[in-house]
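Protein chains: 2
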Amino acid sequence: MAFNPNHFRDIDPGQRVLMGPGPSDVPPRVLQAMSAPCIGHLDPYFLAVMDETQQLLRHLFRTNNALTIPVSGTGSAGMETCFVNLVEPGDEVVVCVNGVFGTRMSDIVNRLGGKLIRVDGQWGRAIDPERVREAVKGRSPKVLAVVHAETSTGVCQPLEDLSSIAKESGALFLVDMVTSLGGMEVAIDEMGIDAAYSGTQKCISCPPGLSPISFSDKAMEALRNRKSPVSSWYLDMSMVGSYWGAERKYHHTAPINMIYGLREALRIIAEEGLEARFARHRLNHRALMAGLETMGLDMLVPETERLPMLNAIRIPEGVDDVKVRKALLTEFGIEIGGGLGELAGKIWRVGLMGHGARPKNVFLFLSALETILRAEGVKVKSGALDAAAEVYGAEGL
Amino acid sequence: MAFNPNHFRDIDPGQRVLMGPGPSDVPPRVLQAMSAPCIGHLDPYFLAVMDETQQLLRHLFRTNNALTIPVSGTGSAGMETCFVNLVEPGDEVVVCVNGVFGTRMSDIVNRLGGKLIRVDGQWGRAIDPERVREAVKGRSPKVLAVVHAETSTGVCQPLEDLSSIAKESGALFLVDMVTSLGGMEVAIDEMGIDAAYSGTQKCISCPPGLSPISFSDKAMEALRNRKSPVSSWYLDMSMVGSYWGAERKYHHTAPINMIYGLREALRIIAEEGLEARFARHRLNHRALMAGLETMGLDMLVPETERLPMLNAIRIPEGVDDVKVRKALLTEFGIEIGGGLGELAGKIWRVGLMGHGARPKNVFLFLSALETILRAEGVKVKSGALDAAAEVYGAEGL
Chain A
0 MAFNPNHFRD
10 IDPGQRVLMG
20 PGPSDVPPRV
30 LQAMSAPCIG
40 HLDPYFLAVM
50 DETQQLLRHL
60 FRTNNALTIP
70 VSGTGSAGME
80 TCFVNLVEPG
90 DEVVVCVNGV
100 FGTRMSDIVN
110 RLGGKLIRVD
120 GQWGRAIDPE
130 RVREAVKGRS
140 PKVLAVVHAE
150 TSTGVCQPLE
160 DLSSIAKESG
170 ALFLVDMVTS
180 LGGMEVAIDE
190 MGIDAAYSGT
200 QKCISCPPGL
210 SPISFSDKAM
220 EALRNRKSPV
230 SSWYLDMSMV
240 GSYWGAERKY
250 HHTAPINMIY
260 GLREALRIIA
270 EEGLEARFAR
280 HRLNHRALMA
290 GLETMGLDML
300 VPETERLPML
310 NAIRIPEGVD
320 DVKVRKALLT
330 EFGIEIGGGL
340 GELAGKIWRV
350 GLMGHGARPK
360 NVFLFLSALE
370 TILRAEGVKV
380 KSGALDAAAE
390 VYGAEGL
Chain B
0 MAFNPNHFRD
10 IDPGQRVLMG
20 PGPSDVPPRV
30 LQAMSAPCIG
40 HLDPYFLAVM
50 DETQQLLRHL
60 FRTNNALTIP
70 VSGTGSAGME
80 TCFVNLVEPG
90 DEVVVCVNGV
100 FGTRMSDIVN
110 RLGGKLIRVD
120 GQWGRAIDPE
130 RVREAVKGRS
140 PKVLAVVHAE
150 TSTGVCQPLE
160 DLSSIAKESG
170 ALFLVDMVTS
180 LGGMEVAIDE
190 MGIDAAYSGT
200 QKCISCPPGL
210 SPISFSDKAM
220 EALRNRKSPV
230 SSWYLDMSMV
240 GSYWGAERKY
250 HHTAPINMIY
260 GLREALRIIA
270 EEGLEARFAR
280 HRLNHRALMA
290 GLETMGLDML
300 VPETERLPML
310 NAIRIPEGVD
320 DVKVRKALLT
330 EFGIEIGGGL
340 GELAGKIWRV
350 GLMGHGARPK
360 NVFLFLSALE
370 TILRAEGVKV
380 KSGALDAAAE
390 VYGAEGL
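Keeping their order, the protein sequence lines are chains A and B. For the first sequence, numbering that gives the first Met the number 0 gives the first residue as 0, with consecutive numbering after it. For the second sequence, numbering that gives the first Met the number 0 gives the first residue as 0, with consecutive numbering after it.
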């Protein structure tokens with residue numbers, strides 16, 4: 000094939016409405032910040048940007064943890080960072096699995112030579128803490144790990160009981176906050192969480208590429224007391240932490256412009272206020288639920304265990320999953336997600352994350368889905384928009 | 000400390016002239032591409048962007064390797080990717096060390112449980128292939144690893160002999176191209192290179208955050224034939240490759256906007272043409288050398304072993320390293336690098352990388368350095384600008 004440099008056109012992705020499991024819609028201010036001139040990773044201005052980014056992250060995580068930084072990779076790099084720093088070969092690690100991301104945690108523990116104690120739960124339901132208590136009984140695991148907001152199912156895992164179990168057994172409490180951070184309360188210090196990681200492209204509404212993490216003093220102590228070196232040089236927090244801390248010791252070149260973007264996204268969050276932001280996520284979720292229920296659609300997750308930012312709709316029998324999602328994308332510019340793993344073809348995942356958790360997206364999605372389902376011959380009950388409007392009317396926009 | 004969201008100001012880094020060891024100056028077109036709307040990582044438009052990015056990378060690496068992709072992390076993540084996929088515990092790995100990045104390779108091999116065979120050379124000189132031949136004698140190492148362009152010293156390592164030694168011993172030939180890719184010839188297929196990695200923030204002139212890598216069929220075979228799983232889930236190329244390949248199997252969320260930027264930077268390179276670009280790097284290097292020699296300054300590296308894009312100047316005796324660099328930054332907006340490791344305080348590292356390899360940067364730097372050194376009381380010989388101008392005059396701009 001002849002290579003012709005003029006074959007490539009200007010980047011022009013158009014404008015989507017991102018209502019999948021992430022990335023979510025990115026505010027223009029964030030994109031603008033990312034396009035500021037690149038400067039050096041040891042430039043005094045950039046060092047100040049790093050400090051401010053850490054301050055803003057601590058505010059969002061509700062923590063005083065010194066090591067609270069964006070890892071230079073996506074959310075999965077954050078997951079790996081937590082395990083690779085805290086787990087040594089032979090360490091017992093309890094992992095709660097009720098979706099794709101708990102499964103991924105288990106895979107990582109195995110790769111690191113940890114002794115995996117897996118507590119499996121139904122996909123689409125929260126894990127019963129009593130099952131975890133039983134699994135831990137008589138053991139002293141190094142880590143107890145759980146996903147706060149399972150992006151593959153839309154389940155919210157309550158953390159209080161699991162935190163107590165971790166504390167009682169002396170385990171480090173490790174929590175995946177990829178989808179929860181920025182969309183609901185995740186008070187790390189108050190909840191007794193020792194290691195947490197997230198992603199930028201969900202409720203923070205920054206493009207993907209960074210993974211905010213935070214380690215408690217107890218986690219830092221475990222890292223210092225390791226018998227073997229961290230198997231990853233790139234993600235070794237004893238070294239990365241020196242660059243982000245007072246020493247400023249060069250480790251790897253930070254992703255400068257991505258950090259500009261993250262800082263701006265965090266600043267937008269701080270300006271809105273955490274309580275207002277979380278309330279906005281809950282409100283738009285309720286409006287969406289009201290509309291979907293009115294249409295006669297079922298949700299995968301029982302009401303009390305639902306996440307506000309990720310809504311898993313059961314695909315009505317006989318409806319073509321891919322055809323509907325394609326119509327949403329091509330006719331309305333809306334991206335939603337399909338099911339993963341055992342839920343492939345069975346659910347749609349609809350995100351109301353960060354900047355995208357807005358009435359206009361709720362109404363657009365309900366209108367689009369109703370239109371497409373009707374065109375597919377599905378008998379959809381009418382009144383979805385009214386039902387959503389009623390929620391907004393009752394609670395104030 | 001009270002947290003005040005209004006305390007944080009708009010991102011405004013000003014405009015630097017980036018003449019350090021990277022990041023280099025980023026063309027406005029790249030920043031503009033990065034600020035295009037974020038879309039989904041499985042969106043048909045983004046899948047096409049991925050394909051084009053791979054085409055452009057293959058053109059730059061001069062390879063037909065199927066696995067030629069940007070890893071979702073900085074250059075060091077690329078280094079780790081190559082070793083973590085190709086080295087298993089107990090594998091013999093020969094690493095050539097004549098600077099910081101060879102040292103880093105050794106560190107990674109040790110963390111992975113590889114059996115390190117280290118060939119040390121003087122910092123500031125290329126490694127003598129005969130020393131490598133001796134080290135390999137009677138062994139069958141799994142990997143022979145070397146840094147093509149040692150960013151910590153400015154040394155260019157010839158690859159031909161080392162490639163032969165690797166082939167004769169049956170080892171995979173692994174090359175660090177972080178600083179060479181985009182600034183000089185790196186024909187992977189022709190040179191018999193099995194695994195290579197680079198960074199976006201050097202001669203590609205894209206912000207840091209991605210690491211282009213390429214694996215030969217022989218490297219892919221070694222990956223398939225592993226006895227143990229790759230210890231990193233995030234960097235496991237058997238899975239990441241499935242997302243970038245025909246299967247499009249979701250692994251982790253790609254850093255969408257960074258990939259927009261990389262594609263644009265690679266497009267700019269393709270438009271300029273590789274030969275023209277490499278010639279431009281050589282020309283500006285020669286002009287800089289002429290100016291520095293005229294001023295009476297010495298280089299760390301002998302003429303025949305110098306890189307065009309990274310120039311290591313010996314700091315004249317009695318001159319305050321940090322004071323001079325600070326003056327360059329504050330008075331002229333120029334960033335250069337200091338020495339690393341054993342060369343700290345002994346050299347300045349001046350980059351002429353990618354977009355920044357231009358006469359205006361050469362003249363600005365020579366003028367600024369001369370001015371500052373004179374102000375510091377150093378007896379600098381005059382005529383540096385004339386000497387540089389003469390090079391441009393003789394060879395054409």
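Hints are supplied without guarantee of correctness; some may be wrong.
A pair holds if it fits inside one copy or across any two, identical chains being indistinguishable in the list.
Said to hold, decoys possible - Listed next, the in silico DSS-like pairs over lysine-lysine satisfying Cα-Cα at most 25 Å (straight line):
1. K325 - K248
2. K217 - K248
3. K248 - K322
4. K380 - K359
5. K248 - K359
6. K359 - K166
7. K345 - K248
8. K322 - K378
9. K114 - K226
10. K378 - K141
11. K359 - K217
12. K325 - K345
13. K322 - K217
14. K325 - K380
15. K248 - K380
16. K325 - K114
17. K114 - K378
18. K136 - K322
Hints in this document: simulated from the structure, not taken from any laboratory.
A quick look at each hint next to the structure:
1. K325 - K248: Intra 48 Å, inter 18 Å, cutoff 25 Å: inter-copy only.
2. K217 - K248: Intra 23 Å, inter 37 Å, cutoff 25 Å: intra-copy only.
3. K248 - K322: This pair counts as between: shortest inter-copy Cα distance 19 Å, intra-copy 52 Å.
4. K380 - K359: within (21 Å within a copy, 69 Å between copies)
5. K248 - K359: Neither way: K248 and K359 sit 46 Å apart in one copy and 32 Å across, limit 25 Å.
6. K359 - K166: neither (43 Å within a copy, 62 Å between copies)
7. K345 - K248: Only across copies: K345 and K248 sit 18 Å apart there, 49 Å inside one copy, limit 25 Å.
8. K322 - K378: within (17 Å within a copy, 76 Å between copies)
9. K114 - K226: both (16 Å within a copy, 19 Å between copies)
10. K378 - K141: neither (53 Å within a copy, 63 Å between copies)
11. K359 - K217: Neither: 44 Å inside a chain and 53 Å across chains, both beyond 25 Å.
12. K325 - K345: For K325 and K345, only the intra-copy Cα distance (16 Å) is at most 25 Å; the inter-copy one is 61 Å.
13. K322 - K217: Classified as neither; 50 Å inside a copy, 40 Å across copies.
14. K325 - K380: within (22 Å within a copy, 70 Å between copies)
15. K248 - K380: Neither: 62 Å inside a chain and 36 Å across chains, both beyond 25 Å.
16. K325 - K114: neither (43 Å within a copy, 51 Å between copies)
17. K114 - K378: neither (51 Å within a copy, 66 Å between copies)
18. K136 - K322: Neither: 48 Å inside a copy, 61 Å across copies.
In this structure, the earlier hints numbered 5, 6, 10, 11, 13, 15, 16, 17, 18 are contradicted, and the remaining ones agree with it.
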